[in-house]
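Q: One-letter residues, chain by chain:
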Amino acid sequence: MASGGPPDLEVVARVLGGDGEAFGIIIRRYEPGLLRFATRMLGQQDAAADAVAEGLVRAYRHLASCRDPARLRTWLYRIVANRCKSHLARRSSMEVRLDDAPPIADAADSEAMVERNEQMERVQRALATLPPDKREAFVMKHVEGLSYEEMAQATGDRIPALKMRVHRAREALVAALQEQEEVL
Amino acid sequence: MTHIDPRVHEALDGERPLESLPPDLRAEAERLLEVAALLAAAPVAASVATRVMAHLAEPRPSRLRRLLQWIARPQAVTFHLRPVWSLAVAAALAVFALLPGGGPLELGPEEGIAEFVLPASGAHSVHVAGSFNDWRAGGIALEDRNHDGVWRATVVLPVGQHEYMFVVDGERWVADPNAGRYVDDDFGRENAVLIVRRASR
Amino acid sequence: MLVCAALPLAAQSIRPRLEGRVPAEVIPVIDSIVQAAAADSLPTEPLVQKALEGGAKHVSGDRIVLAVRLRRDRLEAARALLVRAGDSTPVTPLKVTAVATALSRGVPGPTVERVVAGLPGEPHAAALQAVADLLAHKFDPDSSAQLILDAARLGVPHDRFLDVATAAIHEMQRGSTREDALARVRAGLPNLPPPARPAPKGVSDAKRPGV
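Residue numbers (the working numbering), protein chains in the order written: chain A, 165 to 348; chain B, -10 to 190; chain C, 2 to 212.
In short, the hints are calculated from the structure, not lab data.
Each residue gets a CB set at the ideal place from its N, CA and C atoms; glycine is no exception.
A portion of the hints provided could be inaccurate.
[What the hints assert, rightly or not] To spell it out: a stretch of chain C is covered by chain B in this simulated footprint if at least three of its residues, at any positions, have a beta carbon under 8 Å from a beta carbon of chain B; those stretches are:
1) 54 to 65
2) 97 to 109
3) 123 to 134
With these hints in hand, go ahead and build the complete structure from the sequences.
A: Right, here's the structure in full:
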C-alpha cells in the first residue's frame, strides 16, 4: 500500500543497487501496519517490536529473493508472520511480562473514553484466546485489510483454506466475547 | 463454537452487500467490524526504524562467528535476543543516525525521548503543545511522512511528568487518544499525561 | 533565605512570559497570585503553566484566573499533606508538585500520605505515579500503595516502580483478578524482567522544544 513517494519496485531496485539508506523508505511505509499486526499477534509491544525488527532485517538481507517487488507488502507480512510464530513458540505462559499495551485511560476520564478503552481491552483479551493461525487470519483480513489473494501470498496457504480459517476465527472471537460478557 | 450465518460471512468477505442482510444479521456483521476497528485502533509497539537501520549499518560478523554465536546463545526465553537489540538501540542513541535528514543527537543525563503519534487523516497540520514548551500551539510539529494519516514527532524532553494536547489544523485541541494517562485541565477538557524516563539505563 | 530570593525572581519573570499569551486584563491578577504563592514557598511554575495553557486554549480571562487559583489551592493542600505525612526532609517544589499531581490523578489523600510516610527521606514522584497508574485500572488504593512500598523495601529502584505497576496491570489484563495480579507481581519482587525500551522512533530526527 505504497502511497506517495517512489513505487516499491524502484525502492527495491535502489536498495539492491547499493543504496542501503533507501531501505528506510520501505520501513517507514510498512512499519505501522507490521507493528500493528505483530502487536495484535503477540499481545506484547516489546515482543512485537522485536518480531518486526527481526523481520525487517531479514527482509533487507534477503531482498533479492523477493520475486515480485510489486508484492513487497505481502512478502513483508509473510516474514513478520513467521517471526511472530517463532516468538509464540518460544513463549512461556508463566513469565511475567512488562511490555504489553500501555495503561489505558485513568478513572478521571469521560465515560465514553473509559467505556471505549474497556471495550478495547476486552477485544484484545478475546483475540488472545484464539489459536495463532486463526488470530493471524483474523488480523490479516480484518485489521490489516489484506485480500484473500494477498493472504495467500503472505501465508502460502490456499484461498479456500484461508476463508474457512477466517470464518472460524470470527466465530471463535464472537464466542470469546460472549464468554467475557457472561463472566461480567 | 458459536455459529455465524453464512450470509454474514459472505458480507464480511465482500461477496454480498451488508445492506442486503436482515437487521439481526447485519447487526452481527457490524459488531465484528466494530471489533476489528477497535483492534486497529488499540495501541501498538513503538517504531523500530532507527534500531533496524543502526543494526544494518553494523558490520556483519563472519559466517563462522555467527555460527559460534548461535551455538553459545541461551535458549528458549523471549528476552534472549534483547542484548543484541539493546546494543543496537544504545548505538542508535549514542552514535548518529543514518536516516536521511539526521544529525547528531546527544541526550543529557536527565533527558529522555518521547514519541508523539496521532492518527488524524484529513488533517493539514498537527502540533503538540504542553507543559514542556509553555503550551505553544505551533511549537512542535508532527509529520505525516508516509501520507497514511498518522502524524508523528520524536522529542527530547526532561525526565519527569508532562501534560500535553495535540492541536490539529492550528485550532482544534485534541486529547491524545492513546496516552493512557489523563488529568482534568480545569478548562473542561483533559490533558494527556506523559512520564518521560531516562533514555540510558 | 530561599523565600526572599524567590520573590524578586517571581516578580521579574512572570509578566513577560504572560504578555501576549494571556488576556492582558488578567495578567496583574495572575501575577499577584503567583507572587503570593512564592511568598508562601509554594511552587510557582505550575501556576504559570496553567495560565499559559489557558491562554493557548483561548479560554476567557476569568476562567484562567479560576484555574490558576484552583491549582494554587491544590499545591497548598499537597504541601499540607506532606507535613501531615511526617516528611521531615525539606518540602521542595518538586515534592509538592508530585503530590499535587497524584491527587489530581485521583489518588486519595490517605493513600498519598501512606506512600509518603512509607518512603521517608526519599523522592515520592515515581511511587505516586505508579500508584496512580494502578488506580486508573481500578486497583484498590491501599493494595496498590502496599505493592509499591513492598517493591521499595525489596530494593527495586525508583525508576522501575512504573514497571512494577505495569506488570500488575498486564497480569490483570491477562485475566487475573486484581488481587491475584498484585500478589503475583509481589511474589516475583525484587526480580523484574528488563525495563521497557525507550521510544526510539526517528531518534536522529528528535526535536527539542524551543520555549
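Q: Each hint: holds or not?
A: Results of checking the hints against the structure:
1. A stretch counts as covered by a chain when three or more of its residues have a beta carbon under 8 Å from one of that chain; for the stretch 54 to 65 of chain C and chain B the count is 7, and the coverage holds.
2. Only residues whose beta carbon comes within less than 8 Å of a beta carbon in chain B count, and the stretch 97 to 109 of chain C has 4; three or more means the coverage holds.
3. Only residues whose C-beta sits within less than 8 Å of a C-beta in chain B count toward coverage, and the stretch 123 to 134 of chain C has 4 of them, enough to reach three; the restraint holds.
Comparing the model with each earlier hint shows no violations; every hint is respected.
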